[in-house]
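Peer 1: Spelled out from the first residue to the last, the chains are:
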Amino acid sequence: MPSGTVSHGASGRLRGLFLVMVLVFLEGSVFTVAVASSDQHSPTTAHSGGHKATDHGSHNNTGKAFPVLDLNYENVRVPFEISLWVLLASLMKLGFHLVPHLSNIVPESCLLIVVGLLVGGIIRGTGETVPPVMDSKLFFYILLPPIILDAGYFLPIRPFMENLGTILIFAVVGTLWNAFFVGGLLYGVCQIGTETSSILSRIGLLQCLLFGSIISAVDPVAVLAVFEEIHINELLHILVFGESLLNDAVTVVLYHLFEEFSGIGSVTLLKGFLGVISFFVVALGGVLVGVLYGILAAFTSRFTSHTRVIEPLFVFLYSYMAYLSAEIFHLSGIMALIACGAVMRPYVEANISHKSHTTIKYFLKMWSSVSETLIFIFLGVATVAGPHDWNWTFVTVTVILCLVARVIGVVGLTFIINKFRIVKLTTKDQFIIAYGGLRGAIAFSLGFLLKKEHFPEREIFLTAIITVIFFTVFVQGMTIKPLVELLAVKKKQEAKRSINEEIHTQFLDHLLTGIEDICGHYGHHHWKDKLNRFNKKYVKKCLIAGERSKEPQLIAFYHKMEMKQAIQLVESGGGIKMPSAVPSTVSMQNIQPRPPTKPAPERAIPQLSKNKEEEIRKILRTNLQRTRQRLRSYNRHTLVADPYEDGLSDLFLKKQKMFQIEKKLKEMNTYLTVPAPPPDSPTMCRARLASGKHTDFKPDQVQKGNKMCSDPQAYSIKPASNKVPMIQVDLASPQSPDSVNLLDEFGQANQQEEEEQGLMMKPPSRPREAKKPSEEDEAKDPQKLMRCLSDPGPSADEDEDGAFLP
Amino acid sequence: MFILFESLDRDNRGCLSPDDFEALGGLAMNPIGGRIMEAFFSSGQDTVDFSSFVRILAHFRPTDRNRNKEGAQQELPSSRTRKLKFAFQLYDMDRDGKISREELLQVLRAMLGLQVTEEQLQSIAERAIQEADLDKDDAISFDEFKKSLEKTDIDTKMSVSFLK
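Keeping their order, the protein sequence lines are chains A and B.
Here the first sequence is numbered in this note's numbering, starting from 1 and rising by one per residue.
Here the second sequence is numbered in this note's numbering, starting from 1 and rising by one per residue.
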């Protein structure tokens, strides 16, 4: 792949762009050749078949030459073409980001449609028939599910649930309003049309209504594609996006309803009533199917602790099955998929390994990205290919009506909704919601599905649908970003959640539940609380493996944060600068607020430590780099054991030890000048781990491979040990007042020793430092140190080296 | 609102006492139920009359976002600052103006119950104070509290629509 993707310089980008263009041209030409040859090849196969026959007949006379190099395209045709399309899509995506400034002005979806148009044009230009790529089956069963699953799995549940009422009203009532408004008015326009009315007046009311229902659905793919790039605030994003997802149920019902009616040709009130009922069936049924499969998936993931490799597969399979099962019964597949993803996520994430989580995340993102790209390209190609029937009146009226209907719908509904909302929707919000109602490929595919017999005006419809799609995607998609800037709409806040927010949010939840109890008002929080309680009591026990089921949400969140931080530390080369949120600096800070008792020596400590910190850090950094190298070379072998997960228990142990240190520090105030006890803890902890003792803390996190377990645990000290320098830095600093000169003296001597033997040698060096002023108080302390360090130290080294020599 | 007050006031004394609150089953199950109760009984009294009841519940009225005057908003009991102050007081039991580590630990213990070990609680409290404590006094003052929640939409979180 072009190296330009790595370098950010302008020349690098241009170079990369050039390479991409070359590749695209090559690929394009191969593709057209392929398409061409696929048509020409059938006669040639016939020929070769004939040849073979004659050859067989006369093979005594003329032996057929053995084909050394043979062209056989037919066998590979279908996979080859599919791969070519996907490759084209991916290269396009790559190319757009290499062209400077383009992706800022034009949203990707527009560019992709243009590319599709170009490709279609090229294919048509070479005289071949454009392949009917926008096959509805392909679209609905292969291209659409990954996008929806990606959306559903990563759906932010909290804002979604909080705004569920609003979203539902927009989705259901809004879509109904749009459909009937557009359909009805269109029918009226067709009836009173001018000389073209001969064609248009044939369009019956039902056809118009059907057309209205197809065109009125806001498309999740288009919304995702455009809104992804403008980064508006969470509320608006979830409103528009949620609406686009949930209106699928309405669309499905209306579509089938009107299709039925126009097929049969008679409308009765009973049928209308049944239509309403079928809406509920479709929507709730879809959700039910999704929830069922979600629970199944969560339950299955409970038992996958021994086969971590196929965990992601379960997630994908169950979700896809949910989608297909819903489609069997004409239920809303999209809602099933969303429900499945949203339900299974908390339980599955508690059960699966960290790597599986990453795999799922990246596979979903990859598939949905490719799908989206392909959809837009195919839209372009289908525009070139598809049968068109341009009718000025129809098309323009449709476009105008769509816009008007959307605006009126949003404004009207917001007026009603605002009466029930705590946080009202402002005019700006309403504008964005109305403007963000993009139509997309779903509308086109639904139109494509229409049968010619019932709908002789199918081509008119398709042309109009494509025009509306183009209009919304190009015009609205391109201008929404500058409009967002212009109107100064609140943007998304990129911050990660801090633990404080999490604690306080939970606290506030409890508070509000209490207040609601006092008021006797069973609101939002009350039911949420009840659901949480139910969840904790019954559901979690079934669906989450082992001890994790008892883990409250706050703890899980805290774990995640710690893990992330540990990984960050490893990746950044370990403690070059101290992040302020690292708890291991606690002991440093604890010393400072005790001025009333001992002002002078304590104030000396922080200053000295700052000077010595750098030195210590330098020493440790060199050691860490060596340990990191050792880590890398061995990671392939430790595929089974997840060092980061095991490291977490080490982190906890270290923290435990930190608290013990604190306590000891508090007790031994007088020993401030000679605080030898602190180094006790991390080294003891390391020693204990090195000897292979399992920590009981998180047994289920210990992965398979019992023999490997103790060793990776001992080895996993290393990623966690990148935290050790953090501890060591400030632990060493309390020492520094007394051992300042010692550090200097031993600095050089220790450096050499440490570089030879890595981190393990650090602790023995310190008692040596501490031993110098050992006269008075710490007679027992360094002895303790020596005792605990003498045995496990060297043997730990041997263990590790021995285990990892394959 | 008075109807609500009367329905809570079971012995019809015209003011509420702690056992009136305790009669609400939901509150008993609430981990911070005790603290909420104590918030109603300010400054050592053991009865709550109607006006203080209303005043406290007024904290939870939905904020009207579209009001323009900044100054006017500060006075309203339902403004964001007042809401935060109320929440802060629930944390800060000894009313010294700061949430110390011990107070935070108490809250965590109440919320997380017996499911967690003491060390985990300590770690979490540690980390929370680390993140929020800007002046390094090992406690969270009201300003730090406000700052750590600046990204959360307090208006939504602390409003009961019933009280409009």
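Incorrect hints may have been included.
One side of the interface only, derived from the structure: several residues of chain B facing chain A at Cβ under 10 Å [said to hold, decoys possible]:
1. Thr47
2. Phe50
3. Ser52
4. Leu57
5. His59
6. Phe86
7. Met93
8. Met111
9. Ala128
10. Phe142
11. Phe145
12. Ser148
13. Leu149
The hints are simulated quantities; they were obtained by calculation from the structure and are not laboratory data.
Heads up, the beta-carbon is just placed ideally off N, CA and C, and yes, glycines get one too.
Peer 1: Determine for every hint whether it applies to the structure shown.
Peer 2: Here's how the hints hold up against the structure:
At its closest, the beta carbon of Thr47 (chain B) sits 16 Å from a beta carbon of chain A; the interface hint therefore is violated under the 10 Å criterion. At its closest, the beta carbon of Phe50 (chain B) sits 14 Å from a beta carbon of chain A; the interface hint therefore is violated under the 10 Å criterion. Annotation: Ser52 (chain B) was flagged as interfacial toward chain A, and the flag is violated, the nearest CB pair being 13 Å apart, outside 10 Å. Among the interface hints, the one on Leu57 (chain B) holds; its C-beta lies about 7 Å from the nearest C-beta in chain A, closer than the 10 Å criterion.
A hinted interface residue such as His59 (chain B) counts as satisfied when its beta carbon comes closer than 10 Å to some beta carbon of chain A; here the least separation is about 9 Å, so the hint holds. Because the beta carbon of Phe86 (chain B) sits about 9 Å from the nearest beta carbon in chain A, less than 10 Å, this interface hint is met. Hint status for Met93 (chain B) relative to chain A: violated, with the closest Cβ pair at about 13 Å, above 10 Å. Proximity of Met111 (chain B) to chain A holds as hinted, the smallest CB-CB distance being about 6 Å (cut-off 10 Å).
Given the 10 Å rule on beta carbons, the hint for Ala128 (chain B) holds: about 5 Å separates it from the nearest Cβ of chain A. Against a cut-off of 10 Å between C-beta atoms, the interface hint on Phe142 (chain B) is violated, since the closest Cβ of chain A lies about 13 Å away. Among the interface hints, the one on Phe145 (chain B) holds; its C-beta lies about 8 Å from the nearest C-beta in chain A, closer than the 10 Å criterion. With 10 Å as the threshold, the beta carbon of Ser148 (chain B) comes within range of chain A, its nearest partner Cβ sitting at about 4 Å, so the hint holds.
Because the beta carbon of Leu149 (chain B) sits about 6 Å from the nearest beta carbon in chain A, less than 10 Å, this interface hint is met.
In summary, the numbered hints that this structure violates are 1, 2, 3, 7, 10.
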